[in-house]
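*Asks:* Full structure from sequences and hints, please.
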Amino acid sequence: MNRLGVDVELLRELLNAASRTALTHRGSEHECYVLGQLEATANMAYVLCAGSGNEELELLCQQLALDALNRHSELSCATKSVSRKSGDKSFITSA
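Numbering (the working numbering), first residue to last: 5 to 99.
Calculated directly from the structure, the hints in this document are not laboratory data. Every value quoted in this text rests on a predicted model; they were computed, and no experiment measured them. Note that beta-carbon positions come from the ideal geometry of N, C-alpha and C, so glycine has one too. Please note that the accuracy of each hint is not assured.
What the hints assert, rightly or not - For each label pair, taking beta carbons as the anchor points, the in silico distance ranges come out as:
#  : residue 1 : residue 2 : range
1  : Arg7      : Ser80     : 22 to 32 Å
2  : Gln67     : Arg7      : 37 to 47 Å
3  : Leu63     : Asp11     : 17 to 27 Å
4  : Gly55     : Glu33     : 37 to 47 Å
5  : Gly31     : Ser56     : 30 to 40 Å
6  : Ala82     : Ser56     : 16 to 26 Å
7  : Ser80     : Asn6      : 22 to 32 Å
8  : Leu63     : Asn6      : 18 to 28 Å
9  : Glu59     : Leu27     : 17 to 27 Å
10 : Leu18     : Glu59     : 15 to 25 Å
11 : Ala44     : Asp11     : 31 to 41 Å
12 : Arg7      : Gly31     : 18 to 28 Å
*Replies:* Encoded structure:
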């Protein structure tokens with residue numbers, strides 16, 4: 005399979021932009037959506053740089069994806085907890 009030429013600095017800037025966007029939306033109603041975007045971007049970047057010899061960038065991609073998933077899980081658990089306590093099904097959101 006052919007390898008794509010990847011500009012590592014541009015890929016790093018893409019990850020930085022996705023991270024800043026996620027931080028900007030922290031606590032907003034759109035946070036879960038933005039976390040999904042961050043996780044997808046980090047996974048895509050990982051696929052592009054995997055095996056390129058840039059272990060630092062690979063680790064950054066993995067860490068960003070994991071952090072996004074963990075934060076999303078925290079938000080999902082908090083939402084489910086609020087839903088159960090209130091008994092109101094309208095608070096339940098699908099993840």
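*Asks:* Please go over all the hints and tell whether each is borne out by the structure.
*Replies:* Hint-by-hint comparison with the structure:
1. Arg7 <-> Ser80: 22 to 32 Å: Between Arg7 and Ser80, where Cβ atoms are some 37 Å apart, the hint is violated.
2. Gln67 <-> Arg7: 37 to 47 Å: Given a distance of about 24 Å, which is not inside 37 to 47 Å, the answer is violated.
3. Leu63 <-> Asp11: 17 to 27 Å: holds, 19 Å
4. Gly55 <-> Glu33: 37 to 47 Å: Distance hint for Gly55, Glu33 holds at roughly 39 Å.
5. Gly31 <-> Ser56: 30 to 40 Å: Holds, at about 36 Å.
6. Ala82 <-> Ser56: 16 to 26 Å: violated, 38 Å
7. Ser80 <-> Asn6: 22 to 32 Å: violated, 39 Å
8. Leu63 <-> Asn6: 18 to 28 Å: Check passed, 25 Å falls within 18 to 28 Å.
9. Glu59 <-> Leu27: 17 to 27 Å: Given range 17 to 27 Å: holds, Cβ gap about 25 Å.
10. Leu18 <-> Glu59: 15 to 25 Å: 18 Å Cβ-Cβ, so the 15 to 25 Å window holds.
11. Ala44 <-> Asp11: 31 to 41 Å: Because 20 Å falls outside the window, the suggested range is violated.
12. Arg7 <-> Gly31: 18 to 28 Å: violated, 40 Å
Of the numbered hints given earlier, the model fails hints 1, 2, 6, 7, 11 and 12; all others are met.
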